[in-house]
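Participant: Residue-level listing of the chains:
Protein chains: 8
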Amino acid sequence: MRDLLEAVAAGEVSPAEAEAELAGYATSGAGRFDATRESRSGVPEAILGDGKTPAEVAALAETAVETTGRAIVTRIEAPAVTAVRETVADTAPAATLRWDERARWLVVTTPSFERPSLDATVGVVTAGTSDAVPAGEAAMIVGEMGAAVTRVDDVGVASMARTIDAVDRLRDQDVLIVAAGREGALPTVVAGLVDVPVIGLPVSTGYGHGGNGEAALSGMLQSCTALSVVNVDAGFTAGVQAGLIARQIDATR
Amino acid sequence: MRDLLEAVAAGEVSPAEAEAELAGYATSGAGRFDATRESRSGVPEAILGDGKTPAEVAALAETAVETTGRAIVTRIEAPAVTAVRETVADTAPAATLRWDERARWLVVTTPSFERPSLDATVGVVTAGTSDAVPAGEAAMIVGEMGAAVTRVDDVGVASMARTIDAVDRLRDQDVLIVAAGREGALPTVVAGLVDVPVIGLPVSTGYGHGGNGEAALSGMLQSCTALSVVNVDAGFTAGVQAGLIARQIDATR
Amino acid sequence: MRDLLEAVAAGEVSPAEAEAELAGYATSGAGRFDATRESRSGVPEAILGDGKTPAEVAALAETAVETTGRAIVTRIEAPAVTAVRETVADTAPAATLRWDERARWLVVTTPSFERPSLDATVGVVTAGTSDAVPAGEAAMIVGEMGAAVTRVDDVGVASMARTIDAVDRLRDQDVLIVAAGREGALPTVVAGLVDVPVIGLPVSTGYGHGGNGEAALSGMLQSCTALSVVNVDAGFTAGVQAGLIARQIDATR
Amino acid sequence: MRDLLEAVAAGEVSPAEAEAELAGYATSGAGRFDATRESRSGVPEAILGDGKTPAEVAALAETAVETTGRAIVTRIEAPAVTAVRETVADTAPAATLRWDERARWLVVTTPSFERPSLDATVGVVTAGTSDAVPAGEAAMIVGEMGAAVTRVDDVGVASMARTIDAVDRLRDQDVLIVAAGREGALPTVVAGLVDVPVIGLPVSTGYGHGGNGEAALSGMLQSCTALSVVNVDAGFTAGVQAGLIARQIDATR
Amino acid sequence: MRDLLEAVAAGEVSPAEAEAELAGYATSGAGRFDATRESRSGVPEAILGDGKTPAEVAALAETAVETTGRAIVTRIEAPAVTAVRETVADTAPAATLRWDERARWLVVTTPSFERPSLDATVGVVTAGTSDAVPAGEAAMIVGEMGAAVTRVDDVGVASMARTIDAVDRLRDQDVLIVAAGREGALPTVVAGLVDVPVIGLPVSTGYGHGGNGEAALSGMLQSCTALSVVNVDAGFTAGVQAGLIARQIDATR
Amino acid sequence: MRDLLEAVAAGEVSPAEAEAELAGYATSGAGRFDATRESRSGVPEAILGDGKTPAEVAALAETAVETTGRAIVTRIEAPAVTAVRETVADTAPAATLRWDERARWLVVTTPSFERPSLDATVGVVTAGTSDAVPAGEAAMIVGEMGAAVTRVDDVGVASMARTIDAVDRLRDQDVLIVAAGREGALPTVVAGLVDVPVIGLPVSTGYGHGGNGEAALSGMLQSCTALSVVNVDAGFTAGVQAGLIARQIDATR
Amino acid sequence: MRDLLEAVAAGEVSPAEAEAELAGYATSGAGRFDATRESRSGVPEAILGDGKTPAEVAALAETAVETTGRAIVTRIEAPAVTAVRETVADTAPAATLRWDERARWLVVTTPSFERPSLDATVGVVTAGTSDAVPAGEAAMIVGEMGAAVTRVDDVGVASMARTIDAVDRLRDQDVLIVAAGREGALPTVVAGLVDVPVIGLPVSTGYGHGGNGEAALSGMLQSCTALSVVNVDAGFTAGVQAGLIARQIDATR
Amino acid sequence: MRDLLEAVAAGEVSPAEAEAELAGYATSGAGRFDATRESRSGVPEAILGDGKTPAEVAALAETAVETTGRAIVTRIEAPAVTAVRETVADTAPAATLRWDERARWLVVTTPSFERPSLDATVGVVTAGTSDAVPAGEAAMIVGEMGAAVTRVDDVGVASMARTIDAVDRLRDQDVLIVAAGREGALPTVVAGLVDVPVIGLPVSTGYGHGGNGEAALSGMLQSCTALSVVNVDAGFTAGVQAGLIARQIDATR
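Residue numbers (the numbering used here), protein chains in the order written: chain A, 1 to 253; chain B, 1 to 253; chain C, 1 to 253; chain D, 1 to 253; chain E, 1 to 253; chain F, 1 to 253; chain G, 1 to 253; chain H, 1 to 253.
Example chain D residues on the side facing chain C (calculated, C-beta under 10 Å, incomplete):
#1 157
#2 164
#3 180
#4 181
#5 184
#6 186
#7 192
#8 208
#9 214
#10 215
#11 218
#12 219
#13 220
#14 223
#15 224
Computed Cβ-Cβ distance ranges for the label pairs, DEER-style:
#16 114/F x 169/H: 31 to 41 Å
#17 102/E x 97/C: 37 to 47 Å
#18 169/E x 169/F: 28 to 38 Å
If you're looking for bench data, these hints aren't it; they were derived computationally from the structure. Heads up, the beta-carbon is just placed ideally off N, CA and C, and yes, glycines get one too.
Required output: the full structure, derived from the provided sequences and hints.
Facilitator: In structure tokens, the structure reads:
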């Protein structure tokens, strides 16, 4: 610890990095950033943009970049993207930003950041166009955790031929995330056709009774095939769960 | 009306029959029997056994037999069956009883009763064994309304091969009733494969969140194919609706 | 297939038409269009405007017009109508657009498109003014499927005289769609007065407990007459179901 | 007060009566009996049998008889009836008991008890046989409060002719209680036909979604006519409310 | 009828008035106006502003004024008020408008309109300031039906002294409407203190679990005193119900 | 630790006591008993009888007596009481058992057990007889934690005089637990009358909408006075919370 | 009283103060202000900004300052703050305003106002940044009631090390308010680690099933440790409850 | 196929085995048994005992043993166990039965059956004793799929020391199933401490609001750590999902 503190004193290590190393988290004006989450639980700490001001998001992103070389923000709106961009321009001008406006995520990485690389492939499957946002969020975090991602889109059961056509690709994956709204039948049908773990991701489409993804969620929980499920629109959670499975598979390859 | 009353006076027509003809309903000790329901709305009046004593069921069944030549009872338990049997033995000894203990229906018909006959076929489809009770109730009333019934059982989507194997038989029907519990995905899948009207019949299987048929019901209401739906376990309603469609088809053949 | 591909090569058939013929669906930048849905399931494929950008709606509508000669869009807002209008002006300048701003549907047809024509009539019934939107959506798709439509408006049970006055017209239809909000009693009353299939269409009016159409939906599911039901505001689904019944009736005339 | 206490001392007034007169309630081993409820709020205090042991019911009934000359018990089962009967045989042998086993109420009155008599009539209306229990409870308490009761049974809207046939009788009442289960449409239809206050009484019939009276309750709350409503199966509350209206009408006659 | 038609021909009676007299309703471009509702059911027909365009509201209000001399609109917003004002300026320039912007109702009356006058008083009671809107709607319709209105405001149970202070005024009314949000305890407490009918009016205040008036509604339905209840914020319904009771009381005075 | 282990070896300390001292919990065949819960969190560990077999309850009770000198069991049925009695007769024959059959709790104490004694009084208040069970459970655990208990029963708001009569006694307590079912208004009214903390305890009485204590719970959560609340029928939790407050008060006296 | 009225006549006491002293509440144009709430129930009367116009808030705040020397407003928006500021500038220019824009509360105090001071400390604990608003509201009212406040922020259970690090500070408090959204596990974990009363404050974060704080609320009600709970986002209620406990502790110190 | 049919003719292969091989399922009197489910989807077909008669269970078990050498029955009651035992005694006398009466599963295996063996370990974790049944079901099916099972029991968060003590064992597993009822906090806490996939298994303990496992389910879906979840009490589903992950891990070892 003495070495570390001397490095701080010498300006070689920032106080935030030192705090992260010593305490496991770094404190910014906008709250604590759990800098050791990835090493402890295999999950990169991500910043949830919802309910935070642009300034708060930017402060947390800055801390994230400083301590881990990467910031992942989900459910981010344009003003917060601008705030992060400006903060990063100041403090980490060499960093690159990737922003998916529709799926509402932002990833900032410094040139020295090394993304993990796992020898495992996660299929991210959608029933239709309206499932793209949570599926996109899931695919992003799977990628950030280092697994390969295969997208299989638009294979909803209303025209079963599309589903059947995709069977071979579905069977080639190590683990599947299947996103569906409305009645959410696709994960059930897929899980009956493959022999890998399927994670059901209900999507908040639909209106009237059972709308907002509630029918899809309860249908997946009741599935007559064996699914595990995440909350409605919880693409991040589905992606992390698939990423953790991919880590286990990779560890043994 | 004078003729009718004279016939009553002469003992040729029972008071119940006369009342039914004049008022549209016949009064028994256990309530009114809507004797003209079938001629008015195409639906045979049925007696719901649930929540009635055996004596009440028997009284209503007797009135039904007396005024229409047939009594249909749904959700009937063994003691009420016995009560009906005894009443009928007295008042209509030539009548025959058909009782499905599992699907819990009883039909009594006099020898002179002529069941309608429709030139139309209704497919009654189940996902699994546990859908048998409401499906059986539906099939019974379809038959009593005069349509042909084709049973297609055990074709749930957990093993899609069973569903695909049945496609030709499904496409041969004029109208389909598809019963499913748990996540209730089968009617959605079937409606994507055929070009006839599909009535979804949710079944009260399943446990936990969305159990008691609620997930199946909301999934069918949210279906990305076009289903009409009846309430959970409402086999009678599904059967009547299919029977009314069959009547329309028959009328034009 | 060779012929088809040669026609594509010769520019006589567009790639989208060829893909639709070969695979059953056509791929646009905004997702797949299920071009064979109508021939397979009797239901014209429609584009749901909700949750899509104007550009996506326009791209899908263009594909629909190109492959089937018609585009049907539901729940469409003005900007998307403009986008479709512009796209169509480019790619199918001879096409005509019909737009119902209140019921929020748009239908585009090319001059060569031949709408089916069924020998069957569907009654579309409303309890009051506020049921007009889903009823209008239902009537549109019934018409596009080729059946005749009879509108019977403003016959809610609060003043029963209006309902009774309409009985003869109601009895003249082959199948009825009955739209009602609040307590949703009208379909129950109508089904007791006619002998044709009645499809209940709950409408999202009402406030407080049971609002947003939930009371109407649960009342129709519990109806003491035999209704089949669609989800709240699901005019499209009700119309398709009535259209499929009309097809069956027509087939036998 | 001195007079009262001297009367107690002289054994002319029981301690319970004296406590009731002084404090407004009488204490028994099983809880307090609100002996002045009727004079204060116009509502006879009643004992709810549910959730009490036979001994508790009997103790409270004894106190009621002692202080007011009458005991009204609702939702009572046979063992508690026996316990009351035995207690009354001891302490008020001249009292008479009326017990409606099906509607589950018991009324005990001493010979000297004078039931109030109101110059007003309450119609108690049922849609069908299964509404008899809460309707019976309502009719009992209306009668105990002194109003005349007219029963109009079995006029549910599934066969509207029955409803229409009853219009004149319905219009003759000063206030109406209308009991209905399933979709609960009858009170809405009745309120559109009469110009007196209608109290909707939802009944816990029906199964599946909206069962247990929930659809009937929400439908009555959403009614497009003007109903006031009580809870599911709350026949006692509906009857008291109608009785209070009858008292107001009587007071002015 | 001949006389009426000749009067129409002579321009002495408008077609709308004639239609109303003959059919019971008058047809405008925006739907039917139930012109005989008041004579049939004692309830003045009112126009619900929610979900109608200003033009539709104005058309219906014009028909109402023309056929009954009065238009009552509830849940009306400023633009619709303007539209009514302009229409009325054209077609009934002598009419007067009363608009309560907060309680969102508008009443238009022609000089010749005679409001009924009932010899009965309705107390309209609120727990706090936030109950003013539905209470105001209730008071308006009570007044339009001809009963006297006594307002008793701000007597919620959080400081019971305010409630107790109001007891004498509460006991002086013939019928009470008691509006309360949050936990909705006031109607229960009031009904324990008076001997007249109490109608509970739940108000959509409160947040979190049981918010939007759901806790108030369920509490009133469960009340240990005898309340009848209307839906959340249904001030109009509560007022009509109280008005109908007032009519019954008046009829006998 | 050596001493402890030697004491075990010498038979002076049982293995269970030693484990409890060393690990904080003692292991029985039926699960772990958290023997240090009271010293750590001030709450005596209690055994929930629901969902355990009589043998399991007895095994856990034996461990509790052995390690802490007392066993507290809630929601216990007669067979489990018998099992505990037999086990205790063997292993701690000098222990005494107190069993409240109605409130369903059992407390076993050895002669050497010293119950804590707090200088603070907890009022346990009920609206009516049916609140006795959870109130009794609350009073028991308050007593076991060492506070004095004052019972104030049968003061529900339906007859407000009873509530007002009790105000002085209510104001004398240091903290109040107020149990109420149905609409659950009593805690709100009490909290407006006193200046001590009030814990609302909803009771699972009532039927129909909001039954099973749901209306009472949501009403208490929405209370316009400041209550904290526990779950429906959670007398144990309410009692513990009051006991912890009493401990804080006592600590400072 | 004569003295008081003479003081009013002499202009030494305002009418509002006099009314407050005599009746317990003061009437403003915007409703009554319960000026004796604090002396009666220990809770300072606060003005809920939600659902009131800026003018109403300002009028009530003016009355509060006039009668008690302080105004507390919760859930206040900027326009109402401006209105209060202007009103206070006129009527109490020496007063100071404290406004927390994020936690949305405003406190106005006159120079002569003496805040109570309690010898007790309340810990206000948050799981994460998004719990700041209700926690801030709770801390404000605790402070206004006179207790010391310790903030312990950002100790959610996702990284348990943060929770464990805080144990000593948690154990130092006399009572704890623990705010948490999403699954709301933190109060359960904290209550297992301390021996003081813990009040769970669920926060309306989270999306999908169980969102809006419903999962957190039901989890806290089901907690396997002993929590009392307030409604979702009810920081004010939690703070008052903690303040009342602090008053009890202080009274005995 | 010829060979197979000749083997059937020769009595070397049973008709059921032959059907299973040819069609993928075997037909018994009680429905179809999906004999190729394991080879197709990696999940052994299991028979759900709930809702089937003992005879039906026995018939399906016989078919299962005949075609796959093993029968797995979940949610089985004693009479069905007896029926299976008798059937097996006849048709496969060498088979062995393992029955867990509490966790309600039964496994029958013939001597020649070879259970798969996976090089992966699944931790099955419980919060308390009442989680044993679904956890036991999960552990059984994990074992039948060939993975090693480590049980970690009684580590609920109410006494966090128990949880912390178990961290090393938890971190040693390849995948974790964590069962918890009440507020269901354990999976959230565990997932924050380990870096392997955690499947949350909510258990139907608890009473009042959020009881029957609903609070646990919604809490796990809202978890601030990354869980995937199965339905309440769905031990079988959790076990299969963990087993599928174990298969993926094993495949790469």
